[in-house]
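Participant: Sequence:
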Amino acid sequence: MRNIDKRTIEGIGIPGLELMEKAGKGVAEAVREMLGDVVGKKVIIFCGRGNNGGDGFVVGRYLAQWEMEVKFFLTARKDEVKGDAKTNLKKALDLKLPVIEVLSEKDIPPLLGTYLIVDALFGTGFDGEITGYIKDVVDRINSSGIQVLSVDIPSGLHADTGEFTGVCIKANRTVTMALPKIGHFFFPGKELSGKVSVVDIGIPSSVVGEEDIKLNLITEEEVKQIIPQRPPNAYKGTCGRVVLIAGSTGLTGAAYLSSLSSLRAGAGMAILGIPETLNPIFAVKLTEVMTKPLPDVRKRGVLALRGLGEIRELLKWGDCCAIGPGLGQHFETQELVRRILSKLQMPAVIDADGLNAIAKDTSILKECKAPLILTPHIGELSRLNSVPVSEIAQNRLKYASDFAKEYNCVLVFKGAPTLISEPGGQTYVNPTGNAGMATAGSGDVLTGIIVGLLAQMLMSRNGEDINKIILDTACAGVFIHGLTGDLAKEEKGEMGMIAGDMMEKIPEALIRATSGLNG
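Numbered according to the numbering used here, the sequence shown spans residues 1 to 519.
Note that these hints are calculated values from the structure, not bench results. Keep in mind that a hint or two might mislead.
[Said to hold, decoys possible] Quick list of in silico lysine-lysine cross-link-like pairs, BS3-like style, CA-CA up to 27 Å:
#1 Lys6 x Lys82
#2 Lys398 x Lys468
#3 Lys106 x Lys96
#4 Lys42 x Lys25
#5 Lys190 x Lys236
#6 Lys316 x Lys292
#7 Lys96 x Lys25
#8 Lys41 x Lys106
#9 Lys135 x Lys86
#10 Lys90 x Lys78
#11 Lys91 x Lys78
#12 Lys135 x Lys106
#13 Lys366 x Lys214
#14 Lys190 x Lys492
#15 Lys214 x Lys468
#16 Lys190 x Lys170
#17 Lys236 x Lys468
#18 Lys42 x Lys170
#19 Lys71 x Lys25
#20 Lys71 x Lys91
#21 Lys42 x Lys22
#22 Lys41 x Lys22
#23 Lys292 x Lys343
#24 Lys369 x Lys343
Since this is a predicted model, take the numbers as computed values, not measurements.
Kindly produce the complete structure, drawing on both the sequences and the hints.
Facilitator: Below you can see the structure in the form of structure tokens.
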């Protein structure tokens, strides 16, 4: 953002004051949106000495114009404010708006009777720890119980990581400028930022393009365009056929959730290849999903290597496949997965025990000719790339991107947030989902959603670049999956929701995403 701002001001010639004016007005409009009727309501704006504080002065000017009772509290002396921020401080003073210096703990004002606090202390350039009396200011704001709107980013939060040292403002809403920041969507920053919205401050798209940003946020608008619309003359054959190779003794639920989720996501038909010993179980559990009993190892309920030929024939029926949910880790089953992948040609989603099967020899991924979507959680990625979990956790973006490039696949790196990386170096961040999704079977639902959407995308976008299709599918699938979790949370709460609740919310999530009703 520093580079983009600099090129906009120095290269394009748009004055910094103009950018600040648009930023402040956009934040003020967000305040009006939050409060509804603002007339006569009291708002306190805490301003720092830098440009974030300058934005705050503009915010207050507009709010005062709309007849709010505005007070500024400046955590510096007035003569320490420089540049464009100084200009807007002077404008506020010229309008006789109260600007009170807060230079010690005793200067912190009482907050009773305040409808809203605007946090304009520190912006995206902050990289350190809030100390001294400003720490006391932050503590007082956080303990006040009053709604807080942060300008650009909650003060104290590191924009590049979503982390903070010491203290940080906890905002109900954050209004950021031009582009969202990493810190808004990586924990704990996601929780501290509240609802995030973006203000267009007039930075030309060409200037943004020059920065060659590799990180993207998945938006509802993009997902709406990705999800295929079913034509009036559609029938089950034109909506895609899914083959799933899944399930073993004790893990039948994974196969159930993934296969049924593929139909919930809109696939026309799904057939589940399972160990023949378990077929009576699935005949009871599944009604809409077809089953294909396959050879198992001495009736132990795990797929046997001798079933390879039958599976290859089964795959010819489908448009795409998913391999892995609940397969177990019997050595014959793992060898079976490796041999399937060695000759696989169709687009595939590889998850769970499918990933465990190739972790011992990831060279199979480089030999495989099929377009692949891999969906590991952090433990599975650690087994795949032989990097300790603790090291991956320190830089999830890097390891997701590196793996996708090395193995020429789309990597869905599950977590908070889930990341989608593709071989060209672009990574996409998913904004939906919540902690309630940390429950057994959640990943199986995700696999089903992705492969169900993929089957439809292959039908509706036949002839398009397959790499673009699988990337779009992964992004839309992850977004929808997170939305099912958000909808389930509304009904069940974070602690009580289970994977089946998410699966049942897939139709509603699709309606929300395609109709633009998601809040």
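Participant: Against each hint, give a clear statement of whether it holds in the structure.
Facilitator: Hint-by-hint comparison with the structure:
{"no.": "1", "hint": "Lys6 x Lys82", "in the structure": "holds, 17 Å"}
{"no.": "2", "hint": "Lys398 x Lys468", "in the structure": "holds, 21 Å"}
{"no.": "3", "hint": "Lys106 x Lys96", "in the structure": "holds, 24 Å"}
{"no.": "4", "hint": "Lys42 x Lys25", "in the structure": "holds, 18 Å"}
{"no.": "5", "hint": "Lys190 x Lys236", "in the structure": "violated, 40 Å"}
{"no.": "6", "hint": "Lys316 x Lys292", "in the structure": "holds, 13 Å"}
{"no.": "7", "hint": "Lys96 x Lys25", "in the structure": "holds, 19 Å"}
{"no.": "8", "hint": "Lys41 x Lys106", "in the structure": "holds, 25 Å"}
{"no.": "9", "hint": "Lys135 x Lys86", "in the structure": "holds, 23 Å"}
{"no.": "10", "hint": "Lys90 x Lys78", "in the structure": "holds, 9 Å"}
{"no.": "11", "hint": "Lys91 x Lys78", "in the structure": "holds, 13 Å"}
{"no.": "12", "hint": "Lys135 x Lys106", "in the structure": "holds, 13 Å"}
{"no.": "13", "hint": "Lys366 x Lys214", "in the structure": "holds, 24 Å"}
{"no.": "14", "hint": "Lys190 x Lys492", "in the structure": "holds, 22 Å"}
{"no.": "15", "hint": "Lys214 x Lys468", "in the structure": "holds, 16 Å"}
{"no.": "16", "hint": "Lys190 x Lys170", "in the structure": "holds, 10 Å"}
{"no.": "17", "hint": "Lys236 x Lys468", "in the structure": "holds, 24 Å"}
{"no.": "18", "hint": "Lys42 x Lys170", "in the structure": "holds, 20 Å"}
{"no.": "19", "hint": "Lys71 x Lys25", "in the structure": "holds, 17 Å"}
{"no.": "20", "hint": "Lys71 x Lys91", "in the structure": "holds, 14 Å"}
{"no.": "21", "hint": "Lys42 x Lys22", "in the structure": "holds, 23 Å"}
{"no.": "22", "hint": "Lys41 x Lys22", "in the structure": "holds, 23 Å"}
{"no.": "23", "hint": "Lys292 x Lys343", "in the structure": "holds, 21 Å"}
{"no.": "24", "hint": "Lys369 x Lys343", "in the structure": "holds, 8 Å"}
Comparing the model with each numbered hint stated earlier shows that hint 5 is the single one that does not hold.
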